[in-house]
Amino acid sequence: MIRNRKNGLLLLGALFFTAASVNAQTGKEVKIAAEQPAQKKKLNEIPFTVAEAYFVNNTVKGKISNSKIETQAQFEKIFGAAAVMGKDGQPTKIDFSKQYVIVVVKPDTQLDTILVPVSLQKSGDGKIVFTYQTKMGKKQSQVSGSALLILVDKANNGNIVVNEAK
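This note's numbering applies: residue 42 is where the sequence shown begins, and numbers increase by one.
In short, the hints are calculated from the structure, not lab data.
Note that this is a predicted model, so its numbers are computed, not measured.
For glycine and all other residues, C-beta sits at the position ideal for the given N, C-alpha and C.
Keep in mind that the hints are not guaranteed to be accurate.
[What the hints assert, rightly or not] Calculated pairs, EDC-like style, for lysine to aspartate or glutamate (alpha carbon to alpha carbon, straight line, at most 16 Å):
#: 1; residue 1: 180; residue 2: 136
#: 2; residue 1: 134; residue 2: 117
#: 3; residue 1: 104; residue 2: 149
#: 4; residue 1: 168; residue 2: 194
#: 5; residue 1: 134; residue 2: 86
#: 6; residue 1: 207; residue 2: 136
#: 7; residue 1: 102; residue 2: 136
#: 8; residue 1: 134; residue 2: 166
#: 9; residue 1: 168; residue 2: 86
#: 10; residue 1: 179; residue 2: 205
#: 11; residue 1: 180; residue 2: 205
#: 12; residue 1: 147; residue 2: 205
#: 13; residue 1: 128; residue 2: 93
#: 14; residue 1: 163; residue 2: 93
#: 15; residue 1: 139; residue 2: 194
#: 16; residue 1: 168; residue 2: 136
#: 17; residue 1: 176; residue 2: 149
#: 18; residue 1: 176; residue 2: 205
#: 19; residue 1: 139; residue 2: 166
#: 20; residue 1: 109; residue 2: 136
#: 21; residue 1: 195; residue 2: 86
#: 22; residue 1: 195; residue 2: 136
#: 23; residue 1: 176; residue 2: 153
#: 24; residue 1: 102; residue 2: 117
#: 25; residue 1: 195; residue 2: 111
#: 26; residue 1: 163; residue 2: 136
#: 27; residue 1: 134; residue 2: 194
[What the hints assert, rightly or not] Here are the simulated distance ranges between beta carbons:
#: 28; residue 1: 165; residue 2: 103; range: 28 to 34 Å
#: 29; residue 1: 182; residue 2: 139; range: 37 to 43 Å
#: 30; residue 1: 174; residue 2: 127; range: 37 to 43 Å
#: 31; residue 1: 85; residue 2: 180; range: 35 to 41 Å
#: 32; residue 1: 179; residue 2: 139; range: 36 to 42 Å
#: 33; residue 1: 203; residue 2: 152; range: 27 to 33 Å
Whole structure, please, built from the sequences with the hints as guidance.
Written out as structure tokens, the structure is:
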């Protein structure tokens, strides 16, 4: 009987040691993963902010000729504020003395359309290249257009090139 207890205690001790070493290894793996450096930002990337709660005025017909808007007056000819109830319902504030807006406007469609910013970069020749993606969803009962507006600091100036990612 004493021998069985001794074997049982040895077995219990071995199980405890195994469990402790597994936990220690897991802890090391987490620590190593946490110590890995974050991915470095590409040198040519430009920071931007997506402007929320704006709509295209119904007086705008066809394609917008210039995707770069630099003044409040230009902006108000194309867009209106679409404030809604709630904490995040106010349109994003735009300070045209410090920022300009890059816009993408898609024609009206019955398909649910979402425009997603992919990147904003400065090319080797000084152009500002904005890349976005179009995600098409289900058919809707109404027809609507889609717009994507991003705010860029005027320190990052240049001719704008807009590319749609496939």
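**Request:** Find the hints from earlier in the document that the structure breaks and name them by number, from lowest to highest.
**Result:** Of the numbered hints, 1, 5, 6, 7, 8, 10, 11, 14, 16, 19, 26, 30 and 33 do not hold.
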